[in-house]
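Just so you know, the sequences run in chain order A, B, C and D. Numbering-wise (the numbering used here), the first sequence opens with residue 1 and increments by one. Numbering-wise (the numbering used here), the second sequence opens with residue 1 and increments by one. Numbering-wise (the numbering used here), the third sequence opens with residue 1 and increments by one. Numbering-wise (the numbering used here), the fourth sequence opens with residue 1 and increments by one.
By construction, these hints were calculated from the structure, which means they are not laboratory data. As the structure is a prediction and not an experimental result, all values here were calculated from the model. Cβ atoms here follow ideal geometry from the backbone N, Cα and C, with glycine treated the same way. Certain hints may be false.
[To be verified] Now the in silico label distances, taken between C-beta atoms and shown as ranges:
#	chain 1	residue 1	chain 2	residue 2	range
1	D	Q226	B	G322	28 to 34 Å
2	D	T314	A	G266	28 to 34 Å
3	D	V118	A	R214	57 to 63 Å
4	B	N271	D	V199	42 to 48 Å
5	C	G44	A	D287	37 to 43 Å
6	A	D287	D	L114	35 to 41 Å
7	A	L279	D	K141	48 to 54 Å
8	D	I203	C	I332	38 to 44 Å
9	A	N153	C	T46	28 to 34 Å
10	B	P375	D	V118	26 to 32 Å
11	C	T46	D	T314	53 to 59 Å
12	D	L40	C	L188	41 to 47 Å
13	C	A58	D	L40	52 to 58 Å
[Claimed, not checked] Result set (DSBU-like, lysine-lysine): computed pairs, CA atoms no more than 35 Å apart in a straight line:
#	chain 1	residue 1	chain 2	residue 2
14	A	K30	A	K131
15	D	K288	C	K288
16	B	K374	D	K141
17	C	K288	B	K114
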Amino acid sequence: AEKVNLGVSIPAATHSFMGGINYWANQAKKDLEKEHKDLKITIKTAANAPEQANQLQDLSTVTKINALVVFPFESAALTKPVAQVKAKGAYVTVVDRGLTDTSAQDAYVAGDNTAFGRIPAEYIVKQLGGKGNVVALRGIATTLDNERMDAFNAVLKGSPDIKLLDAKYANWNRDDAFKVTQDYLTRFKNIDAIWAADDDMAVGVLKAIEQAKRDDIKIIFGGAGAKGMVKTIMDGKDKRIGADVSYSPKFIYDAIKLTAEARLKGEKLPATTIIPSVLITKENAKDFYHPNSPF
Amino acid sequence: MTAEAQTKGSVAVEFDGVVKAFGPVQVLHGVSFSLAPGHVYGLLGENGAGKSTLMKILSGYEPLTGGTLRINGQPQQFTSSRDAEALGIVLIHQEFNLAEDLSVAQNIFLGHEKKKGWLLDDAAMERDAAAALAAVGLQVDPRTKVRRLIVAEKQLVEIAKAIARRARLLIMDEPTATLTPGETERLFKLIAQLRADGVTIVYISHKLDEVEQVTDEVIVMRDGRFVARAPTSEVTRHQMANLMVGRELADLYPPRDLVVAADAPAMRVRNFSVPGWAQDASFDVRPGEILGFAGLVGAGRTELFEGLLGLRPASGEVEMLGKPVPNHKGWRSPRDAAKHGLTYLSEDRKGKGLHVNFGLRQNLTLMALERFAKPWLQPDAERGALAEAVKDYGIRTGSLDVRASSLSGGNQQKLALAKVLQPKPKVVVLDEPTRGVDIGAKRDIYFLIQRLAREGLAVIVVSSELMELIGLCHRVAVMRAGRLVATLDADHLTEEELIAHATGTADTHAAA
Amino acid sequence: MPPEQQTPMPQPEAAQHRSQGKPRWAEHLHGLGPVIGLVLLCIGGTLLNSDFATVDNAMNVLTRTAFIGIIAVGMCFVIISGGIDLSVGSMAALIAGSVIMFINWAGPASGSPLMAVVMGAVLAVVLGALFGLAHGLLITKGRIEPFIVTLGTLGIFRAYLTYFADGGALTLDNDLSDLYAPVYYASLAGIPVPVWVFVIVAIIGGVILNRTAYGRYVQAIGSNEQVARYAAVDVDRVKILTYVLLGVCVGIATLLYVPRLGSASPTTGLLWELEAIAAVIVGGTALKGGAGSITGTVIGAILLSVISNILNLTSIISVYLNAAVQGFVIIIVAFLQRGRR
Amino acid sequence: MPPEQQTPMPQPEAAQHRSQGKPRWAEHLHGLGPVIGLVLLCIGGTLLNSDFATVDNAMNVLTRTAFIGIIAVGMCFVIISGGIDLSVGSMAALIAGSVIMFINWAGPASGSPLMAVVMGAVLAVVLGALFGLAHGLLITKGRIEPFIVTLGTLGIFRAYLTYFADGGALTLDNDLSDLYAPVYYASLAGIPVPVWVFVIVAIIGGVILNRTAYGRYVQAIGSNEQVARYAAVDVDRVKILTYVLLGVCVGIATLLYVPRLGSASPTTGLLWELEAIAAVIVGGTALKGGAGSITGTVIGAILLSVISNILNLTSIISVYLNAAVQGFVIIIVAFLQRGRR
Ligand SMILES: Nc1ncnc2c1ncn2[C@@H]1O[C@H](COP(=O)(O)OP(=O)(O)OP(=O)(O)O)[C@@H](O)[C@H]1O
Ligand SMILES: Nc1ncnc2c1ncn2[C@@H]1O[C@H](COP(=O)(O)OP(=O)(O)OP(=O)(O)O)[C@@H](O)[C@H]1O
Ligand SMILES: [Mg+2]
Ligand SMILES: [Mg+2]
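Input sequences plus hints: build the corresponding full structure.
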């Protein structure tokens, strides 16, 4: 078969989820390069969209890749740079954040951001019996964050007795989540559920609640399925944390593996592969537990 | 007072073939002479003769390049001023060395703080600072920030700082350049007292009358060399001046021309007030006229003109060449004033007069850049202007491509003067124009002012040197405590008269 | 040349007034700039949400101010001396990470968890001092602009943390974490420990700055380095020490930070440098150095956290615009205390 | 800081005066600091990856340097005059967002997509100038520290972009985007358009700084504001203009940026301010102002992108440590050109 020179372009490990992405990408490189003699994988991590565009350019013109797996920093901003890589003849698999112009990609592998917002909402509605006060934390202002929030809101619309008291940005950051939660607790005397929207932020939320010694909060729902959170669910350690929604960074591993193996055989991938986000509960938690991953 | 001091036994100094070079430029060429303890020496020389440099070597601020410096017979290699101070050698700098954000007391004790255990003893320092200030006759709260002081006050703080160090050899580099006779007199008393205590004093000044009055012996340097020494009582001022410049000096002041009395004033100022500093000043200056401004330190002369230039809030009426200045408050900014033909030379050379980190060329042309931008700056034209100014104003410099900071004090002053005359103003205000300038150059500057006046420039000279005002000006206005108390014509100009008005002891109807 | 006669003259009476009285008043008034800003903000906060003016909320705000506040005290020295340090956030993150790794290792290894935690705390301070020393040496002996040095180490520190954490988070083991937690969560006489530490650091900082020769030298160097050199101040040593001091402050802040979340990740301490510098400048210290005050810095730090606290307690404007409100308030507060120049 | 510009660019004078002593030589040598750093880096890059030394790669690097480089040219003026601007990244983001909204609206509305794009480009520059003017006025007339003003607007600009983008991204419509794309992607005489623009901006900047009265005033103010004021320099106007100039540079940079990625989001331009300031300082300008050079700035900007380009082209070390390598290289380069003070 032909040699495959695969480039992987992902965001830098600026928070735990991206740490997981980095881990799984490197894991894929290790496993796959050992397995296939004709495969070379080059991983690049970018701190922002322009840098990622630069790296795509470098991968294409200098490293001369013929296949690319890209986790775009931002959908819109990277559409053109990715299209250019494709124009130079590389096979392009886009992961997680779809491009605004789908003709710039050959395949799309993604988690399900709508489910990421919908599942916690449904869970909270069900657990609270359709009535209660909810606060939410948001990530960083991005399209992705909007999709999740919209899906969350859409579910709550169906339950008029569930009140979303406020939703503020905590930047997918533990410290900011801690502060925002502290202030929520000062402000709202009665909160039934907190949608932390990310397992990293959930850490800050938990600490703030612990400090305020509040016991009115019945549900804390994170997101993405970090190993610590999954372990808590598995062990049933915390009543408030009964479930999580999966959005594993491992999909980058799958995407790289699928792309590399398909290209080695000269095959194509299906245009779209959605890796479903599912509710993690005590029952299925161990399927999502990867103790070696940083996430 | 604090200087009573452990001045037991003073310091004997011997320079033996001292050589100093800044890079390729040699400024001291083997200077040899000695200073016996307990005397007051006057160190004379033209601007750039190397006086300050030699004294910086003596006090540990500059290393010497060659030769030997012996203190009490021991060869010394000072690595810092701290070493020299350990031997009781203290220098009062020609240029101020004060941290503007610190208070007077903090500056006086900088590097020599008094402590109570770990902590500073501010009370004691303020007390001692107050005593040192009293000794030099400066009445400010020691807690005042130096930034708030006027130039003369800063000079006195510099002196107080040295006094508080309890020197056994005290070097004063132009201590009176910005002082008026009152402060100067007080300083002389202090010198006498220190001398009585056995302190050796080196006194550098271009004011030969002071040198004559206060020193026991004069030492003259020229072009980085020792030239002559003599007991002060055996040389006349005239001889001193000739020794300095190495040629016969003619009259210091140019003959006075008469201005055409009928000429319309170039600038007319009416009821001009700078709140807190000057009230209701009214005066005219005509083209070709040299108008002096006399007054004690703190009389408000500097502030009056700063108000006129829009640097301080002010009110009053100003007319320039017959046209009123629109907003009736003087100009909005020095830029505005310059556009209408008024420029100002500040008395604070380092803080307001020159960019010491800039080259000579950039300094010289800064106020007249329009002339050199056509539309791009013409460095060659600028360089030409610099060469011309160096000649006209007698600026002594090794190369034209050095920074202003490497000029000697007096030469910096000449550069600053050349700078404010570059835009070819109609009226120029010169605040202490000959501060730190040697006698030969002073003469050149007087003749230059005279020539410019003859060409139609109206010149206002603010000066604390009464003789300068008397020798140069057509009329002299006297200010006291913010008020213009008198304007004296040339034929009424005597020192007694000026002092009487400045101190308020004159018959108030003395002159028009 | 006629002899000039020297007549002794009296000092003009007027000259005395100016230097006293008014300027001192005016200076004190200036110092009040941030205080006025803070008071106005608090009034506003109370009007917007009555929960704002509760003791609990005040303690929350003060506690979370503690980190930045402590760092800002150190930063105040660096800025007054004419320097800058952009790396404090990354430095805090790396120290936090190192301390966590150390405690996780030493806890089981030494057999005494308490000992491990104590030694971890010491390590935090020592590391801070060492990093500060490195900065100081590069800046003074290496003669590199502080901006460049600390921009460089900003990247270096964070990169190493990310490397150690493998891109994820370093987390304190649970039982050790419980042992360490009181350092952040406990109170003494009703006031949380971090607030106490903050107050103590601020007082010590104030004493060093205003009451010791060292503090005086810091101000002298910032005001005019040449003058300080001429006054035989050991400029390099004083400058190096400002960075060491700041490093120690970062170490102390980290030591309080670790028990809060028990973890360090690549986002830990992000943009703390901007917050710390802002606290110092909002507090009335000029970025060019020379003069500044610890009290101002403390108030500046509190002011900045009060702004975001109030924004969290209200939802009158779009969340998107929170940062804009913050920006406007900072500018307005600075405007209130302007006119120094 | 040396009083002279080390800019070799517009200096025909150097040729004529042969009599000048060592100082000029020494200055030229100093100016070479960043150049030496750059040359060493390039040699290193070539050794690590032979593809580094290709024309394609060189053009790539220069093209991507263009944004930061253009902003850095404006920043150079601000820093030389003794100011600072932290907001350039947010300003670029807000301008990009506004231009995209405008073009998307004007394209269909005016019926002439080309016209819409051209007017959008003009809008970018005008907005930049206006934002710069606002900064200048707040700093000079409002007498607020530049650090504070631009820290405030840093938040404000980004918040408004987030608001307009509704938290997401603003994206240029596809057909309009194709029309605009050549501004970034096309080449003239084998050299990409952004590189041309960068070169032109740098030359104009160099000429203004070294060969106009205005440039001299900027340096004079940075060297000693008080002296400049007494020398009849209109300090406020000159300062305001430096911010306007920087704003215009940001506008031009944005105008090149929009066609590249075709969108603006709340993360656009993040930390550009740090990069731009770093380019200026690495290029040998002191953060305190007074003197500096455009050539140095340009080289500084290129140097910074070459570092990350080389890191992209090699994978000898853990990806986590990229930032650390960058940090080390910046410090080493600065060390090479130290000793100015
Ligand atoms: N740092 C320096 N670099 C280069 N040249 C210098 C430096 N300092 C002084 N010089 C030169 O040394 C010479 C002697 O200067 P110095 O300051 O000792 O003169 P001076 O006798 O004190 O003059 P003045 O009466 O004007 O104060 C001058 O020509 C001056 O330009
Ligand atoms: N009306 C007034 N009220 C208070 N202080 C006044 C008043 N008028 C004058 N002063 C004093 O005048 C001083 C201003 O000094 P200024 O520099 O103007 O004097 P000058 O005549 O320019 O002296 P120099 O010889 O230093 O140039 C201050 O010390 C101030 O206290
Ligand atoms: Mg001298
Ligand atoms: Mg005066």
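Evaluated hints:
1. D:Q226 - B:G322: 28 to 34 Å: holds, 32 Å
2. D:T314 - A:G266: 28 to 34 Å: holds, 30 Å
3. D:V118 - A:R214: 57 to 63 Å: Holds: the Cβ-Cβ distance is about 58 Å, inside 57 to 63 Å.
4. B:N271 - D:V199: 42 to 48 Å: Distance hint for B:N271, D:V199 is violated at roughly 58 Å.
5. C:G44 - A:D287: 37 to 43 Å: violated, 51 Å
6. A:D287 - D:L114: 35 to 41 Å: Hint violated: Cβ distance 56 Å, outside 35 to 41 Å.
7. A:L279 - D:K141: 48 to 54 Å: Distance hint for A:L279, D:K141 is violated at roughly 59 Å.
8. D:I203 - C:I332: 38 to 44 Å: holds, 40 Å
9. A:N153 - C:T46: 28 to 34 Å: holds, 32 Å
10. B:P375 - D:V118: 26 to 32 Å: holds, 29 Å
11. C:T46 - D:T314: 53 to 59 Å: Distance hint for C:T46, D:T314 holds at roughly 58 Å.
12. D:L40 - C:L188: 41 to 47 Å: Given a distance of about 56 Å, which is not inside 41 to 47 Å, the answer is violated.
13. C:A58 - D:L40: 52 to 58 Å: About 55 Å separates the Cβ atoms of C:A58 and D:L40, which means 52 to 58 Å holds.
14. A:K30 - A:K131: violated, 49 Å
15. D:K288 - C:K288: holds, 7 Å
16. B:K374 - D:K141: holds, 31 Å
17. C:K288 - B:K114: holds, 28 Å
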